[in-house]
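**Student:** Given next are the chains, with one letter for each unit.
Number of protein chains: 2
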Amino acid sequence: MAILPPGVSAESFASAIREFQDAVGRDWVFTSDDDLYSYRDHFSYIKDQPNELIPSAAVGPDTTEQVQAVVRTANKYKIPLYAISTGKNFAYGGPSPNVRGSVTVDLKRMNRILVCDDKRHFALVEPGVSYIDLYRHIQQNKLNVWVDTPDPGWGSLIGNAMDHGIGYTMGFYRDHFGAHTGMEVVLPNGEVMRTGMGAMPASQSWQEYRHGYGPDPCGLFGQGNFGIVTKMGFRLMPAPEHWRNGLVTVPKREDLIPLIEAVNYLCDLSMCGEPWYGSPLMGLMGNTEFRDAAMSFNESAMDRLAASAKLHSWQVELQFYGSERTTLANWEYAKEIVARKVPGARFTDGESLKTPLTREQIASTTGPYPTNMRRNITQGVPGLGIWYMTGRTENNPNAWNETHIGLFSLIGRSGEAVLKAQKDFADVARKLEMPSLFPNALQTPVNWYQFAFLMGNGFGLGRGDNSPAGKLAATAKLREVLRENAALGYGDYRAPPILQDDVADQYSFNDFVLRRFTEQLKDAIDPNGIISPGRAGIWPAPFRSMRGGMRS
Amino acid sequence: MAILPPGVSAESFASAIREFQDAVGRDWVFTSDDDLYSYRDHFSYIKDQPNELIPSAAVGPDTTEQVQAVVRTANKYKIPLYAISTGKNFAYGGPSPNVRGSVTVDLKRMNRILVCDDKRHFALVEPGVSYIDLYRHIQQNKLNVWVDTPDPGWGSLIGNAMDHGIGYTMGFYRDHFGAHTGMEVVLPNGEVMRTGMGAMPASQSWQEYRHGYGPDPCGLFGQGNFGIVTKMGFRLMPAPEHWRNGLVTVPKREDLIPLIEAVNYLCDLSMCGEPWYGSPLMGLMGNTEFRDAAMSFNESAMDRLAASAKLHSWQVELQFYGSERTTLANWEYAKEIVARKVPGARFTDGESLKTPLTREQIASTTGPYPTNMRRNITQGVPGLGIWYMTGRTENNPNAWNETHIGLFSLIGRSGEAVLKAQKDFADVARKLEMPSLFPNALQTPVNWYQFAFLMGNGFGLGRGDNSPAGKLAATAKLREVLRENAALGYGDYRAPPILQDDVADQYSFNDFVLRRFTEQLKDAIDPNGIISPGRAGIWPAPFRSMRGGMRS
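Those protein sequences? They're chains H and R, same order as listed.
If you read the first sequence in the working numbering, its first letter stands for residue 1, the second for the next number, and so on.
If you read the second sequence in the working numbering, its first letter stands for residue 1, the second for the next number, and so on.
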């Protein structure tokens, strides 16, 4: 199934491949179907379709200089590139480029940890360094820092930050792009640029002050296509000596409003880590009466049935970091703040542990969750436990999300906004006859981002029709979900390539001025449009006619 | 002294002025010398010289639409604009544009507080809103948030953030640009753009998630010339119920190293606010023997003389925010962490106060400082107390900084880096025969930025030669300081227009690729170069030949 980059002849492509081989070594240029197998998205809704987003080749540079050579060759032959690193990017399109026939630039050989400073609390890494790599380095060198990791620890720090990914410790560190401290980027013309203090040749504080001097272009590289990041710094959280958690529950539906106010207060004073919201009523969804009340958003009926089941409506688990005494003081204060605002709130002490976790604690599967994932991840221990609860596992009864698209919308960070979003999302799901279990009246937001709530909606097919036609229909439906949500004020933060133009369409203020402005910038620095054309809806001039092409 | 924008005829300028009057009203276009008096930098080192950076006119729009009209007219006549708001920008050039004859766009009429949410903790403001304005709004409406203010409270939140300014509360909130939550910008072509979730017309979370979707251009507007910001959101710190401070001292010079490690640890876990470093030995500088030791960096002699004077070498004042009990737990933990690392450290409890401060407390002048500035500012109360210790006050014996240029360099956030920087800066000052009191062996860094140290060096003339020739000589000397510092790895974060090209020159990695990249972007979106040409060393094509012009 040999394919070519768009508009590139077989002869040109063969010449380019030879140049790529000269640049990175013959062993690191892949063109056979077998070799390219791992550069395809095997969960793709358009797998094996004529428009599958499949690369024409993959190249594996080992150094920044090799990335520069690859970019120069791509410019010469006008071949679009698409950079990936160590993660799987599940739910967001895997390794798929936006343009079929792109050359994948696989950065996983560049896996050097260049700096990891546990006195000033930062690391400087290459794209091939995964959370697990950095964690191991920290353990082996007994460094006094934690790494804030997303659910699967196999991902790249740089790759995850580039996709605006998140983690589970203290607020600031959870926003992986927000916690970056400057970059080295290979620009579309092949030049190497460093941002922030990295622009000073002799600087001693590259990882400490990212604004540098004058305009800072870093934001353009996140979810963007302005260059290939070859080094990036990250703030690391100093290792606290103690961790503790605690559970808060509140009785009534409307208690969610003051509960979230109280938790926002604690979070924004950095007195706790990620708050994990949920509903103790999930078990009642098997009860027909409750389910009917929930599906019709009958608030008083839900409250009545919860009370008669002696269950509270909402819960939040809080994490505390510090010493035994400061974490206790913060937890006691959390109780006080919540109790003042929510009559009837109950508090359950969780675990109180000296850190770091022992190997036995990390491996333990006793406790409130079927895996130890939650405790580990809130303490900076990367893992792969997430695959217990999701993934394409036919035999796993918990695999509610067996297909491969995740959509999360930004909602306001308040109880009012959550209760409204539940209804709004349910209305949309009903109107569009979505097969998903989500959304419903018990759905809670995630506070991964320090100051924002995301709420999931539209998770692909669920256990729906897995035929090619069924997948196309589901994709079309997800497009409708995105449109309906946008009309209601809900925008998504991330999407797989087949939906990126649709998400970009949500951001339409003043006739898409943000997108037009960004594309003007893109055209200025990448006239051949070779760096990830189409990513996040930004199409450079030579490829602009492809906008929206995945819809047809 | 009628002057014209460069290359603009008197007729064209007169037409432009009429259009400006049509746009903003006749009363809000200023061209007379009297009216323009307040738009000059009266502390300028080149005041009344032929190259004084003085505007040709000033216009005062009241709305975003009026800013758009002004920008369109400027484009039509190719007139450079320079936007200012409510602050004085002392030490950084006041209201001076980079190009003589620019038209100043004075945004102070746009002073609306559009949102101030004390449950989700953010504000959305226009450029004319000062810290004092927002503070008053919060007081009048009894809102449960604080504003993080820089030294003088009269400045604009937007203006200060645009210049990468800082404050004095908890780490995250101190970085005013870092704490922004999206912007509305009038682009060089006159269009209005909104970033982050603001790009979604119906979004309910503009101030909660600033990354939005895809590449984020916000960084280009900070210290930049890519547009005129007309609205901007900021995170606000929730009002803590209690504030406490404490003083830590450590005996020996080299104890600064573990002291800073301990404080970095506490800061990066958000257990304290701004650490305020100093040296209790400042009083010994009148003693000839100590002064000689200090000037020659004789470390053992300094330690010996400090011990015989029964004084400690270093101190740091820490601020704690929370409840009475959590602030106490944090302070006690701070003592424990420092004591573990620094034998001989001493701890002095400071004040422990229920917040907010009363009017009497705010106005009080008793306490450790000659004004109550410090206590107020660490508790989000803006003021003008800073003018006690600096400013051009001939009769004030404390006015060591009577002239008008401030240079602060980034240094590493470690004791080693501080001790090295003291020596490096002193060597440079000696070599260049600088008149300043700074730098010396007791100088400490400021930790305004959450993760960075700045250290002052080269504060203009001190009590030097205030003649025009003396000022020119001093400016030339400051240029040399910047060059010498850059060679040693110290880069500045901010500068007045007459030195901005020199600071930009410090950031020279790979033949100034960052500046070349930025100017490529600038040319793409501002072909006439009308928005603040030259700012932070970014010169658009039509004005590029002016680069370095202030040096001659």
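Possibly wrong hints are sitting among the right ones.
One copy or any two copies: either way a pair holds, since identical chains are not told apart in the list.
Restricting the straight-line Cα-Cα distance to at most 20 Å, the calculated cross-link-like pairs of lysine to aspartate or glutamate (EDC-like) are [unchecked claim]:
| # | residue 1 | residue 2 |
| --- | --- | --- |
| 1 | Lys420 | Asp117 |
| 2 | Lys341 | Asp118 |
| 3 | Lys341 | Glu324 |
| 4 | Lys354 | Glu336 |
| 5 | Lys310 | Asp22 |
| 6 | Lys354 | Glu317 |
| 7 | Lys78 | Glu191 |
| 8 | Lys477 | Asp349 |
| 9 | Lys78 | Asp117 |
| 10 | Lys420 | Glu299 |
| 11 | Lys354 | Glu11 |
| 12 | Lys335 | Glu324 |
| 13 | Lys354 | Glu332 |
| 14 | Lys341 | Glu241 |
| 15 | Lys420 | Asp523 |
| 16 | Lys423 | Glu65 |
| 17 | Lys142 | Glu351 |
| 18 | Lys142 | Glu254 |
| 19 | Lys341 | Asp117 |
| 20 | Lys335 | Glu241 |
| 21 | Lys78 | Glu433 |
| 22 | Lys341 | Asp35 |
| 23 | Lys76 | Asp349 |
| 24 | Lys88 | Asp35 |
FYI, nobody ran anything at the bench for these hints, they're computed from the structure.
**Student:** Any hints from earlier that this structure breaks? Give me their numbers in increasing order, please.
**Tutor:** 5, 8, 9, 11, 15, 16, 17, 18, 21, 22, 23
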